[in-house]
Amino acid sequence: MGSINLDDIPSGSLCVIDTNILLYAEQSVSDQAQRFIRRCSQGELSGVLPQTVWQELTHKLMLAEAMMKGLIAEGKPALRLASKPEVVKGLSLYRAKVNALVELGLGFAACTLEDLTKTAFQMQEKYGFLTNDSVVLAVALRLKADVLVSSDKAFHGVTEVTVHYPTDLRM
Amino acid sequence: MKRKVGTLLEEDVLRKAKRRAVDEGRPLSDLIQDALETYLSSKSSDPVKRDAAYHLFCDRPMKLTTAQFKAVLEEDAWDL
Chain V
193 MGSINLDDIP SGSLCVIDTN ILLYAEQSVS DQAQRFIRRC SQGELSGVLP
243 QTVWQELTHK LMLAEAMMKG LIAEGKPALR LASKPEVVKG LSLYRAKVNA
293 LVELGLGFAA CTLEDLTKTA FQMQEKYGFL TNDSVVLAVA LRLKADVLVS
343 SDKAFHGVTE VTVHYPTDLR M
Chain A
22 MKRKVGTLLE EDVLRKAKRR AVDEGRPLSD LIQDALETYL SSKSSDPVKR
72 DAAYHLFCDR PMKLTTAQFK AVLEEDAWDL
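From first to last, the protein sequence lines are chains V and A.
If you're matching positions, the first sequence starts at 193 in the numbering used here and goes up one per residue.
If you're matching positions, the second sequence starts at 22 in the numbering used here and goes up one per residue.
It should be emphasised that the hints constitute simulated quantities derived from the structure, not laboratory data.
One or more of the hints may lead you astray.
Unchecked claim - Derived pair list, reagent style DSSO-like, types lysine-lysine, alpha-carbon separation capped at 30 Å:
1) V:K261 x A:K70
2) A:K25 x A:K37
3) V:K281 x A:K23
4) A:K37 x V:K336
5) V:K310 x V:K281
6) A:K84 x V:K345
7) A:K84 x V:K336
8) A:K25 x A:K39
9) V:K336 x V:K318
10) A:K70 x A:K84
11) A:K25 x V:K336
12) V:K276 x V:K261
13) A:K70 x V:K336
14) A:K84 x V:K276
15) A:K91 x V:K261
16) V:K268 x A:K91
17) V:K345 x V:K318
18) V:K268 x V:K345
19) A:K23 x A:K39
20) A:K37 x V:K310
21) A:K37 x V:K268
22) V:K281 x V:K268
23) A:K84 x V:K310
Generate the whole structure from the sequences, applying the supplied hints.
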């Protein structure tokens with residue numbers, strides 16, 4: 193199956209979304225990513241985030257907020273933040289952003305044992321994926337998603353599902 | 022903890038669900054639970070709220086330098 197841009201995703205598609213797309217939309221570095229989220233919010237597309245994506249996104253937005261506020265330096269930001277629980281307690285924007293994704297209509301898909309121990313392992317064996325990527329793909333396959341939305345080049349050779357990626361990154 | 026429930030479904034919907042469950046080799050109850058979870062996780066159906074949520078997420082970016090954003094992108098949550 194081919195890999196095409198986000199504007200080409202057919203209406204009504206069930207889309208499994210990778211973390212990077214959400215970060216590009218949040219940072220306004222891809223109009224395609226923002227239009228994609230807009231279409232999800234309008235019900236034209238069904239967007240679903242695997243559990244691993246929710247976790248990764250929350251983690252990265254938490255770091256972004258701490259960086260934006262000058263509360264941690266850039267090198268090893270997670271390590272620095274982990275040693276400052278008082279800083280974490282004082283952050284709130286990242287939670288509002290994550291909750292906004294729920295509010296705008298994105299769905300959540302928990303991982304099943306079969307995702308983790310069967311399909312993900314098969315995808316690791318077939319494509320050489322690391323754990324997180326293989327679990328995202330495993331969830332997409334279980335949900336019979338029409339589209340996997342990711343800018344991760346690792347997915348470009350995937351044959352089980354159509355992969356769409358943004359072609360307009362400004363960074 | 023799972024509980025037994027009784028409800029009514031359209032015959033056609035039930036037939037499709039049973040067929041899908043057979044295709045996927047899992048119990049019908051699992052399939053119905055997945056479908057319900059996906060539906061319920063879409064919390065808001067109010068277009069005004071959805072629009073406001075979109076603007077909060079996409080129109081008010083966290084102010085990061087390019088280097089900071091790249092650091093966030095490259096951050097590995099397990100790399101602690």
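*Below or equal to 30 Å on CA atoms is what counts here, so check V:K281 against V:K268.*
Holds, at about 19 Å.
*asked:* Would the hint linking A:K25 and V:K336 be met if the CA-CA limit is 30 Å?
replied: With a Cα-Cα distance of about 27 Å, the restraint between A:K25 and V:K336 holds, given a limit of 30 Å.
*CA of A:K84 to CA of V:K276, is that 30 Å or under?*
Status holds; Cα separation ~21 Å.
*Given the proposed pairing of V:K281 with A:K23, does the C-alpha separation stay at or below 30 Å?*
Outside the cut-off at roughly 35 Å; violated.
*Does the alpha-carbon distance linking A:K70 and V:K336 stay inside the 30 Å limit?*
holds (29 Å)
*Pair hint V:K261 and A:K70, alpha-carbon separation not exceeding 30 Å*: holds (28 Å)
*asked:* Tell me if the straight-line CA distance from A:K84 to V:K310 falls inside 30 Å.
replied: violated (41 Å)
*For the pair we were handed, A:K84 and V:K336, check the Cα-Cα distance against 30 Å.*
With Cα atoms ~37 Å apart, A:K84 and V:K336 exceed 30 Å; violated.
_With the threshold set at 30 Å, check whether the alpha-carbon distance from A:K37 to V:K336 stays at or below it._
holds (15 Å)
_What's the verdict on V:K310 and V:K281, does the C-alpha distance respect the 30 Å limit or exceed it?_
violated (38 Å)
*Taking 30 Å as the top limit, are the C-alpha atoms of A:K70 and A:K84 close enough?*
holds (24 Å)
*Under the criterion that the straight-line Cα-Cα distance not exceed 30 Å, is the pair V:K336, V:K318 satisfied?*
holds (19 Å)
When the structure is compared with the earlier hints, violations turn up for hints 3, 5, 7, 21 and 23 and for no others.
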